[in-house]
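**Student:** Sequences and hints are given; from them, build the entire structure.
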Amino acid sequence: MVNFLKRVFFVDVLAGLALTLKYTFHRVYTEQYPTEKPKLAERYRGAPRLNNDPETGETLCIACDLCAQVCPEDLIVVGSERDPDTRKKVLTTYTFDTSRCLFCGLCQEICPTNAIELTQDFELATYSRRNMVWDRTRLEQGWDRIDYGADRETASGRESSRYERKTG
Amino acid sequence: MDSVFIISYVVIPLLKIAVIVLILSGAIAYLTLLERKVIAHIQVRLGPMRVGWHGLLQPIADGLKFILKEDIVPSRADALVFTLAPIISLVPAFVVFSVIPFGPPGMLEGVLRWALSPFFSPETVQSIVESGSVSGGFVTDINIAVLFVLSVSSVGILGIILAGWASNSKYPLLGALRSSAQMVSYEVALGFSIIGVLLIARSLSLVEIVQKQQQDQLWYIFVQPVAFVLFFICGMAETNRLPFDLPEAETELVGGFHTEYSGFRFALFFMAEYASMITASAMATTLFLGGWLPPFPSVPAFSFLHLVPPVIWFLLKVFLLLYIFIWVRGTLPRFRFDQLMKYGWKVFFPVALGNVLVSAGVLLRFI
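Sequences listed follow chains X and U, in order.
To convert, note that position 98 of the first sequence is 112 in my numbering; the numbers rise steadily by one, no gaps.
To convert, note that position 138 of the second sequence is 198 in my numbering; the numbers rise steadily by one, no gaps.
Treat the hints with caution; some may be incorrect.
To be verified - Calculated pairs, BS3-like style, for lysine-lysine (alpha carbon to alpha carbon, straight line, at most 27 Å):
| no. | chain 1 | residue 1 | chain 2 | residue 2 |
| --- | --- | --- | --- | --- |
| 1 | U | 402 | U | 230 |
| 2 | U | 76 | U | 272 |
| 3 | U | 129 | U | 230 |
| 4 | X | 20 | U | 402 |
| 5 | X | 20 | U | 230 |
| 6 | X | 20 | X | 36 |
In case anyone wonders, no lab produced these hints; they're calculated from the structure.
**Tutor:** If you want it as structure tokens, here you go:
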């Protein structure tokens, strides 16, 4: 009898409608991604960066090659030469292949001078595979990439990425 | 005399029709946006946000896209019927609005006097304003309006059946068959649910039905709640809306009757669906919710509600019902086909019939 009355007065349907009405005013989960960047975790590991000494502007890397040795993917290549005067190793080239990187963060853990660091930048997509290998200038100065959020006009044209035209 | 005739029976009705068609087209376009927005928020999404502020220009972008898309007629299809079908389903949905009253008779009297007085003598203006339904808030008031609406709106389903047949393809045909079965089982209950109102109003004219609700100081939803619920459910089935959208049933029938349609012909079907949603809401408003009347039309304490123009009240109620249409779509899953037939014949039809008998008995015995 109760069940019959429930069906006659659409109790379940009304309960469903009440639920959907409640969710209509629920906080929306959607992120407006390119215009609105997500808030990342504090220790998020993203794009690599090779730090310079903020006072002298010289690189912090002492070319000890520890990052290259600890890397499980073997994707870091450190090039160096010995300065004949000071008998110190000097960094010449440094490449970091982001296409193979698993962002484990071992390189930044082991680095004795905090030279290599994984930043919070996660926008690593690019149009060519070769472009995913970051060289020393890109690691130090960042990547001149298309910013989809700030300027929607250039977002449609690939040509707007000056960096890619130079290298890719 | 002649100019009076032309103005009051040709020019002014044509102007009214133009205004209604324009407003209706705009309403259909923005109803799609409303639906996408409401359903998105029910699902805790945002819906269209890119075109214009919060997607306000999305309907225009969609319309442009439909026009620019390739219009395909399948090679084995019956080209003539294939072309006619979307038109047949769209036109009736618009035609129905010729009898739906947006406002009371005499609503436009002041406007007409103001517009006509510089050009005609006062006597001519008087005779224009007083002739026919020129100054009413409706295109025409015919004494069989309810019948007219029922018969014309069922022609719309003919378009769906023709589309399914002419496409010469399996899924559209299945959709069309479902549509015809659905029409047969729901139109009966729909018709019977209106009879209760007709018995009380003693009229088939939609204008008079609203005026009777003013006289009785009561919207008919309070006298005929069962009929209202039935009318609304059957209206949903009639307009092929979820949970009764079996002729389309994307998950089972690809797209149902419009599987083979593309470009602007598809857009016509889409518009027809939304137009008939508006039709069903407008009919429910007129029959059960007091049309252009504010709540408590004759209670002096609520007379301030008359300050809002009657058209606004009408549109508000229609909007409310449309929102419920969308809300229900966002809530309920689709019925299985046998469930649909079961509810149509075994539940709604007997209940509607019982409602008619009980109302008739009460009216005979007590009033």
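**Student:** None of the hints should be skipped; say for each whether it holds.
**Tutor:** These are the hints, each one checked on the structure:
1. 402(U) x 230(U): This hinted pair holds, its Cα atoms lying about 25 Å apart.
2. 76(U) x 272(U): Measuring from Cα to Cα gives roughly 25 Å; hence the hint holds.
3. 129(U) x 230(U): The given pair, whose Cα atoms are some 24 Å apart, holds under the 27 Å limit.
4. 20(X) x 402(U): holds (18 Å)
5. 20(X) x 230(U): Violated. Residue 20(X) to residue 230(U) sits at ~39 Å, over the 27 Å cutoff.
6. 20(X) x 36(X): Between residue 20(X) and residue 36(X) the Cα gap is close to 21 Å, so the pair holds against 27 Å.
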